[in-house]
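Student: Listed here are the chains, written in short residue letters.
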Amino acid sequence: MKLYCLSGHPTLPCNVLKFKSTTIMLDCGLDMTSTLNFLPLPLVQSPRLSKLPGWVLKDGSTFLDKELKECSGHVFVDSVPEFCLPETELLDLSTVDVILISNYHCMMALPYITEYTGFTGTVYATEPTVQIGRLLMEELVNSIERVPKAQSASMWKNKEVQRLLPAPLKDAVEVSMWRKCYTMPEVNAALSKIQLVGYSQKIELFGAVQVTPLSSGYALGSSNWIIQSHYEKVSYVSGSSLLTTHPQPMDQASLKNSDVLILTGLTQIPTANPDGMVGEFCSNLAMTVRNGGNVLVPCYPSGVIYDLLECLYQYIDSAGLSNVPFYFISPVANSSLEFSQIFAEWLCHNKQTKVYLPEPPFPHAELIQTNKLKHYPSIHGDFSNDFKQPCVVFTGHPSLRFGDVVHFMELWGKSSLNTVIFTEPDFSYLDALAPYQPLAMKCVYCPIDTRLNFIQVSKLLKEVQPLHVVCPEQYTQPPPTQSHRTDLMIDCQPPPMSYRRAEVLTLPYKRRYEKIEIMPELADSLVPLEIKPGISLATVSAVLHTKDNKHVLQLPPKPPQPPASKKRKRVSDDVPECKPLKPLLSGSIPVDQFVQTLEKHGFSDVKVEDTAKGHIVLLQEAETLIQIEEDSTHIICDNDEPLRVKLRDLVLKFLQKF
Amino acid sequence: MPEIKVTPLGAGQDVGRSCILVSIAGKNVMLDCGMHMGYNDDRRFPDFSYITQNGRLTDFLDCVIISHFHLDHCGALPYFSEMVGYDGPIYMTHPTKAICPILLEDYRKITVDKKGETNFFTSQMIKDCMKKVVAVHLHQTVQVDEELEIKAYYAGHVLGAAMFQIKVGCESVVYTGDYNMTPDRHLGAAWIDKCRPDLLISESTYATTIRDSKRCRERDFLKKVHETVERGGKVLIPVFALGRAQELCILLETFWERMNLKAPIYFSTGLTEKANHYYKLFITWTNQKIRKTFVQRNMFEFKHIKAFDRAFADNPGPMVVFATPGMLHAGQSLQIFRKWAGNEKNMVIMPGYCVQGTVGHKILSGQRKLEMEGRQILEVKMQVEYMSFSAHADAKGIMQLIRQAEPRNVLLVHGEAKKMEFLKQKIEQEFHVSCYMPANGETTTIFTNPSIPVDISLGLLKRETAIGLLPDVKKPKLMHGTLIMKDNSFRLVSPEQALKELGLAEHQLRFTCRVHIQDPRKEHETVLRVYNHLKGILKDYSVQHLPDGSITVESILIQATAHSEDQGTKVLLVSWTYQDEELGSYLTSLLKKGLPQSTS
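Protein chains in written order, with numbering that gives the first Met the number 0: chain A, 0 to 657; chain B, 0 to 599.
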């Protein structure tokens, strides 16, 4: 059992597990932090961005000034943003049989894998994961394609050149592997390879392995996966939450008794309490609006936004915000809001009960009905007519590098009345803001990450007791910025095996058994013998059939009757065909009883001699001697087959067969 | 021999009151718990006293499964769980769980409030009953207990309808409930994988019907509605609030839009709006097309179809009214029917099956003079049309499902005996499987012959698969092992391992035979001759001549010595263990025959 680690990002994993002749990719995360090195893509011409000076090397050479721009001391690539793909060279990805997706954030690299590597397998994911994943991809493609950029910078990627650049560009890894965004046809092709699955559905892979998605409590349709054979169980835990938000609660019990538990997707902000952050979010929002400012919330079009809208639904009236417009701007805003209402079966109990009434499970339906929340595909079109300030805008992308959010940053950045509130934890907010500096707008950081924290992890591990834990190396040491916080790492016994990007781990396991089926006819023919109290044995001679990795034992076929031919028999016709193995023997032969038996069977001249290790029984007339020792019997005789067979059977009476 | 027992308490050679008891590997499962629309007395509910005379149902039944929300499949549930008494789990899909209590409440109201019956289940009982329900996802494997697992498959038919696989160990039963093998305007087609159950229990409402294409029926339906409306007549379509109603609404809505028709379409009772809402929220259970386009246009938001008010029935001019219930046995549809029946310009279209005893059934069988309550005779002059829109599989569909699932036995329920008989023959002919059709209260026993799963040690398995890399069909390899049975575990290991595990030593049994042959040559020459002889005959065996002058055939050792007295005679000592018995015995008899004359 081997684990190939293709991504170094702990919350956007991409691992390949080789297990019992199947090759299973676990998640397909796309590391988008690479885009932070790029200049934002403005929707309308931005004089500020276009006037940024080109970057000049220390020695004064200017050959990079077209590709790299400087803004408030930071250097950015002026090009279409690119993403850092999972490793594609560590193993031949065309050999991947299946891809298991745990949640919609962890499938963003899927088109790169399914469309570029010769992948011919199947992808498994739940319906909400696929539908919302599609929306995320659609938004991503849309926000990059609608701002065509002529320039595609590549000179800076040259290793010799990259060395000369300032951090963080200098330290960016695998820049030659960075890729532009995929296209919608590629997204559609990738999604067409997905097979929908439901929680606790058992999916057989080639008869060898069974995989099962379990609710992970983190997002709509998010799952952990059990990968098991009859004797081994690997749990893949990725992006789980124990908080009660909108999704179905996490299924912990089914993770018990794992041989290996692969743990990824823990909270990225272990020190922040999501509930506290939501409170802070609301109060900052209210304060800004009351002071006549606008609030910008960079966000993904699905997920935490549902919870934020639900909080606001309860909060706006009491906070006197009833007249403030809330705008949700995304090419998929409408779809996301609609889809959220139709996945009743994937929601927490409270929301399910609402659907039974029947009422929409999320209160944002009411916000829309009462015109408090309005959604638009983009800032162009209807929005520009309806737009009223002060207001609250939810829009993407959280990296602040593309999407409608870029426009609002440029629009509102200069006024200190306005506030941008960061709720998504995927990007460092300081890095995200860097190309907008200097900035007058207030910045509030309320990261809401509902995934497991280290206290919950250690509780979970105590509860489910895996034999081995495997995790990204980041989880085995305190965060680099808080090196004294030894509580912010995984603590378990035996210590976890850690991996980093491009590593291959050999996972410990001992497999000693396999399932086999005994056909009823064969079972009927078996003769069990009680050897010890409660333990019976039966010798089995049978034909083994193996098909689709399933083994079956059948009765041996009856030997075909030799055709009654008149042909002269040749000597070699008698050669025994296959070698019918005789059973092993065990036991010992009591000499006295054996001699009595011999006498009973007509041997009158039996003589017994003692030897160092046992006895020798002599049949004088037959010139035969039988050496009997504790663990062996040796019959030495002339070539008198009937006699030998008779003696053999008498000896066998005293022995047990295996 | 293990067996599966099936007893229908309802729906045995009948439609209505579906309720089937299944015993499989010591587990008892009740499939559906329906009421019969044709009866108003005791016969409307299954006879639960059959299950157990004295004991509690909860002790006897491991679980109850409800296939879909139609009352002939769930109408007796509150009576069963609250009045007879059952506290175990009841499984159904989410949409069924959502809609079922509403229909039950509706049913209760008609029975108690309108007909004034007492001793019927109450609203509270419906609520308490629903608390025992566990909702299941499609394809989710639900572990009822350690051994019993169930799994739901999509069945079409109505929103949330499911087929269920019931599995214990390697024995399994599939119960279809009602299903539809062709997608319609709002639902998809039933689907099941090749799960090869020991028994498939299938409905057989349309056992003998092969329905023409859906398109033709739809065109026909629209034409009839259109003609009636054009000539100023009124069209009554009795439906059940959920299911066919939505399909026909979608059909009329699009037609009205396309033809720009103005005649009003009404939908009776308050249930309808609610019903459409369920369809919107459970849109993932509808067909592909509706799911794909729901963000742009939700098919269940109707522009042309408005809520009906009782007073509208007397309005002049054409109109189309969908009214419940579907079999004209009570309620609003019956009221409207009585009002409109006398006018030949009007039309009633029955879009589904009608149970015997209902007004619907009577007019469909040609009766035109009906005796109503109070001995009143109602003459039916309006046109009566029947269109099979009810979403059951037809004969072709049933055969298709059998082909998909590949069951070892088939059992038919939920149909009429005569039609079942015909289908039974067809199934037995085409699939060569046994087909049963028990009547209510009659038990069918099916013997299963499950194979026994055991654990085989990987060492033994690898040894065997390594030898037989290329399996030869004609000469199957025999594998030898020892099955250790301890407590309830079965393990197949190599004989050596079995000995070791039991702490026993092997007892070696060895034979050495003296074979005399006449050969005047020197010993080593004799040995060489023996060697060549054996090599020539035993082509498939490893025959070796060792440097110390002995010969081995596999593990059998042959040594030659001169006879102590007779120099012309050599003594061959052939020595083998009991495990090589056949070969050893063969060799001695072969050598006894002497060496061939040809030398070197």
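Check each hint, because a few of them may be wrong.
Stated by the list, open to error - The calculated lysine-lysine pairs, modelled on DSSO-like cross-linking and capped at a C-alpha distance of 27 Å, are:
(1) Lys344/B - Lys652/A
(2) Lys222/B - Lys353/A
(3) Lys485/B - Lys531/A
(4) Lys193/B - Lys19/A
(5) Lys557/A - Lys461/B
(6) Lys222/B - Lys131/B
(7) Lys273/B - Lys108/B
(8) Lys305/B - Lys353/A
(9) Lys652/A - Lys485/B
(10) Lys485/B - Lys557/A
(11) Lys514/A - Lys273/B
(12) Lys413/A - Lys458/A
(13) Lys213/B - Lys538/B
(14) Lys201/A - Lys413/A
(15) Lys193/B - Lys531/A
(16) Lys279/B - Lys131/B
(17) Lys223/B - Lys344/B
(18) Lys201/A - Lys50/A
(19) Lys222/B - Lys373/A
(20) Lys261/B - Lys4/B
(21) Lys353/A - Lys273/B
(22) Lys19/A - Lys201/A
(23) Lys19/A - Lys546/A
(24) Lys193/B - Lys546/A
None of these hints come from the bench; they were simulated from the model.
Student: Take the C-alpha atoms of Lys222/B and Lys353/A, compute the straight-line distance between them, and say whether it is at most 27 Å.
Tutor: violated, 41 Å
Student: Against the 27 Å threshold, does the CA-CA distance of Lys201/A and Lys50/A hold or violate the hint?
Tutor: violated, 58 Å
Student: Next pair to validate is Lys193/B with Lys19/A; report whether the Cα-Cα distance is within 27 Å.
Tutor: holds, 24 Å
Student: Assess, step by step, whether the Cα of Lys213/B is no farther than 27 Å from the Cα of Lys538/B, and give holds or violated.
Tutor: Violated, at roughly 70 Å.
Student: Would you check the hint for Lys193/B and Lys531/A, treating anything up to 27 Å between C-alpha atoms as holding?
Tutor: Violated: Lys193/B and Lys531/A sit about 43 Å apart, past 27 Å.
Student: Is Lys344/B within 27 Å of Lys652/A, Cα to Cα?
Tutor: violated, 98 Å
Student: Straight-line Cα separation of Lys413/A and Lys458/A no greater than 27 Å?
Tutor: violated, 47 Å
Student: Are the Cα positions of Lys273/B and Lys108/B separated by 27 Å at most?
Tutor: holds, 17 Å
Student: Has the given pair, Lys193/B with Lys546/A, been kept, meaning a C-alpha gap of at most 27 Å?
Tutor: holds, 16 Å
Student: Sort out whether Lys413/A lies within 27 Å of Lys201/A, counting only the CA atoms.
Tutor: violated, 55 Å
Student: Taking 27 Å as the top limit, are the C-alpha atoms of Lys222/B and Lys131/B close enough?
Tutor: Given pair Lys222/B, Lys131/B is violated - Cα atoms ~47 Å apart, limit 27 Å.
Student: For Lys19/A and Lys201/A, compute the direct alpha-carbon distance and say whether it is at most 27 Å.
Tutor: Measuring from Cα to Cα gives roughly 17 Å; hence the hint holds.
Violated hints, in rising order: 1, 2, 6, 10, 11, 12, 13, 14, 15, 18, 19, 20; the structure is consistent with all others.
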